[in-house]
Every structure is written in C-alpha cells, then in structure tokens.
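Peer 1: Residues per chain, in single letters:
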Amino acid sequence: MTGAALGPPGYAAGDAVRVALTWPPGHRRIPQYIRGKAGVIERYCGSFRNPEELAYGFDGLPERHLYRVRFKQADVWNGYDGHPEDTIDLEIQEHWLSPVEGDA
Amino acid sequence: MTGDTHDHGHDHGGGPVLTYADDSVHDRNETGHFELLADALKELSIEKGLVTATEVREYVEFFDSRGTEKGAEIIARAWTDPAYKERLLSNGTAAAAELDIPMAGAELVVVENTGSVHNVIVCTLCSCYPRTILGLPPDWYKSKSYRSRAVNEPRAVLKEFGTELPGDVALRVHDSNADMRYLVLPKRPAGTEDWPEERLRELVTRDSMIGVAPARDPA
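Chains as they are written, first to last, in this note's numbering: chain A, 58 to 161; chain B, 99 to 317.
Just chain A, same shape as in the assembly:
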C-alpha cells in the first residue's frame, strides 16, 4: 500500500510525547503495556518501512519515522519500587505518538 511521501520528522530529542491508547487488531509493534503512557523522545532513529503493512505482504511504504522514547518506570507500572530514575526505552513509530502539551 502506498501513500503520500514521508515528510520531515515531527519530533526531536527531549520532546514530551504520549503513546496512543488504542487497541486496533492486526500486527502492531507497540506492546500493550506502553499504550497510553507518556515519555520523552530519547533519539530519532530514522525512517523504516511500516511493520503494520509489511506483516500483510504490502511494501510498508511510505516509511514511518521511528523514535526511541524513554519512559519512567514509575509512570508505566503501578507500585514500581525501584530507583526513581529507572527507565524503559521503546521504539515507537510516529503515527502512535502525540505531543504532551505544556510539558516539553
């Protein structure tokens, strides 16, 4: 499936973002535990073919921007009792992200 050409990345390192809280069917590379959680862009990884299309035999184009997003463990798990600066990083495609207002 093809579409519009890929534009420039919409986020940069340090931006506050939230992962969409949604449960669409199909192949998704966004683990359920991180959906709806807010974190900070750790780095921009480049653009890659969309795994949600590749999984079904399409070409995965246009590519999607991919970011590493860093989340505080205490924001991800209820009752997390490690170090307050413990984090978990995941790779999130741009179409799963939205900006967190007033917190960037």
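Take the hints with a grain of salt, since some may be wrong.
[Claimed, not checked] The calculated lysine-lysine pairs, modelled on DSS-like cross-linking and capped at a C-alpha distance of 30 Å, are:
no. : chain 1 : residue 1 : chain 2 : residue 2
1   : A       : 129       : B       : 257
2   : B       : 240       : A       : 129
3   : A       : 129       : B       : 183
4   : A       : 94        : B       : 242
5   : B       : 242       : B       : 285
6   : A       : 129       : B       : 140
7   : B       : 285       : B       : 183
8   : A       : 94        : B       : 168
9   : A       : 94        : B       : 257
10  : B       : 168       : B       : 146
11  : B       : 257       : B       : 285
12  : A       : 129       : A       : 94
13  : B       : 285       : B       : 168
14  : A       : 129       : B       : 285
To be clear, the hints were calculated from the coordinates, so they are not data collected in a lab.
Assemble chain B onto chain A, guided by the hints.
Peer 2: Relative to chain A, chain B alone:
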C-alpha cells in the same frame, strides 16, 4: 544402554525409534502447530524454487556457528580506544561496520554501563537480538518469563542472575521492539588497565552484553 535386559514391558518391534519420553533434554514439540507450519512453509518455499534446501541449511549453519566473538571484539575495542567508543555510542551500525561486522538490515544501538547507570536488553514481543554480533539468543531470552518480568520487575530479574544493583544506580531497560538491535557496553573490570585488547576480549561474556551480568572479573 543395556539392550533388552531392562524390565519395563514394551515392544521393540516396529515402534518409533524415539518417543517423546526418550527426549529428556528438549521439550520442543516437533509436531506442534507452529512447528508443522514452519516445516510446511520451508517445504513449499523449496518446491516453488524460492530457496534451496542447501541455502536453508547454510543459513542455519551460519547462525548456529556464530558465537559472541564479534561482540567481544567490539567491546574490547571500545574499552581501549576512546575515539572508537565515542563513534560506537553515537552510531553503532557504522562502528560495527568498521570491524567488518554486518547488521543484516537492522540498526545497532550501543548503551554504556557506568557507575550510575546500568542497562539491560529485552525483546518483549519476540526475540529480537543482534544475531550477527552475539549469535543466537539463549533460550531464557526467548522465554515469556524473561520477556515480561525484565520489563516490570527488572531488578528482581537481575538479582536472579546474581546481579544485585546498588540502590543509587539507575536501571535502564531497553525493549527491542522494532528496528533497532541493542548491545550493552559493560564496565571495564578494575585491574585491567594495562591489558591489551586481545586479552580483554576474554572478559566479555554474552550475558554482560545483554546486561544481566557484569563482565568477567579478572581476579
């Protein structure tokens, strides 16, 4: 084995050579749904001429023979060459390529353990792993137990591996869930300041590059 002198009563005539009860080491069910699916896919791909049986065999042989040597080479170089370390941390893929180590389509991210930060790698969705650098992942890395617990109780998991993190060290978990592959740059063990690169490689273990253990203690 003592031939037919054992006393349990079974037929040695026309039965299968091995039964599952004989398979004391592996619990892989060779006739499970996904095993049959994989076999069917392989046979069809060969029948359709997409791959040859030899190519499949060579691919399996390549990855089965691949160990952690390439990873140890990268880490020992980073320990002894500050400029290389800087390049490794800023662009892992390019730094691996400098040592003729391919990434097979993925990108390499290297994360550094320090006195205040410890890193550990997991792939919650499957078993993503830098296979060209570390070979095939260990069974525990693919287990549902590790894949879930390394995410939500990583300190307890590390402790089970014998790695108890001090309270003032922050733990960074990296979920290898898409196009990056990860390698931990362990701390260089104390007392190795005058060691040459080749000797340092012997201290770099698989588990230290996944982040569940420190590098080998030279003492």
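Peer 1: Given the proposed pairing of residue 129(A) with residue 257(B), does the C-alpha separation stay at or below 30 Å?
Peer 2: Satisfied, since the Cα-Cα distance of roughly 21 Å is no more than 30 Å.
Peer 1: Please verify whether residue 129(A) and residue 94(A) have alpha carbons no more than 30 Å apart.
Peer 2: holds (10 Å)
Peer 1: Is it true that the CA of residue 240(B) sits at most 30 Å from the CA of residue 129(A)?
Peer 2: Holds. Residue 240(B) to residue 129(A) sits at ~24 Å (cutoff 30 Å).
Peer 1: Residue 129(A) and residue 183(B) were given as a pair; does the straight-line alpha-carbon distance stay at or below 30 Å?
Peer 2: holds (27 Å)
Peer 1: Residue 285(B) and residue 183(B): Cα distance at most 30 Å?
Peer 2: Between residue 285(B) and residue 183(B) the Cα gap is close to 12 Å, so the pair holds against 30 Å.
Peer 1: Quickly compare the C-alpha distance for residue 285(B) and residue 168(B) to 30 Å and report which way the hint goes.
Peer 2: holds (18 Å)
Peer 1: Could you grab the alpha-carbon distance between residue 257(B) and residue 285(B) and see if it respects the 30 Å cut-off?
Peer 2: holds (18 Å)
Peer 1: Would the pair residue 129(A) and residue 140(B) pass a check requiring their Cα atoms to be no farther apart than 30 Å?
Peer 2: violated (43 Å)
Peer 1: Would the hint linking residue 129(A) and residue 285(B) be met if the CA-CA limit is 30 Å?
Peer 2: Cα-Cα ~23 Å, so holds.
Peer 1: Is the straight-line distance between the alpha-carbon of residue 242(B) and that of residue 285(B) 30 Å or less?
Peer 2: Distance of about 28 Å is within 30 Å: holds.
Peer 1: Can the restraint linking residue 94(A) and residue 257(B) be considered satisfied, given a maximum Cα separation of 30 Å?
Peer 2: holds (27 Å)
Peer 1: Next pair to validate is residue 94(A) with residue 168(B); report whether the Cα-Cα distance is within 30 Å.
Peer 2: Roughly 36 Å between the alpha carbons, so the hint for residue 94(A) and residue 168(B) is violated.
Violation of the numbered hints given earlier is confined to hints 6, 8 and 10; the remaining hints are satisfied by the structure.
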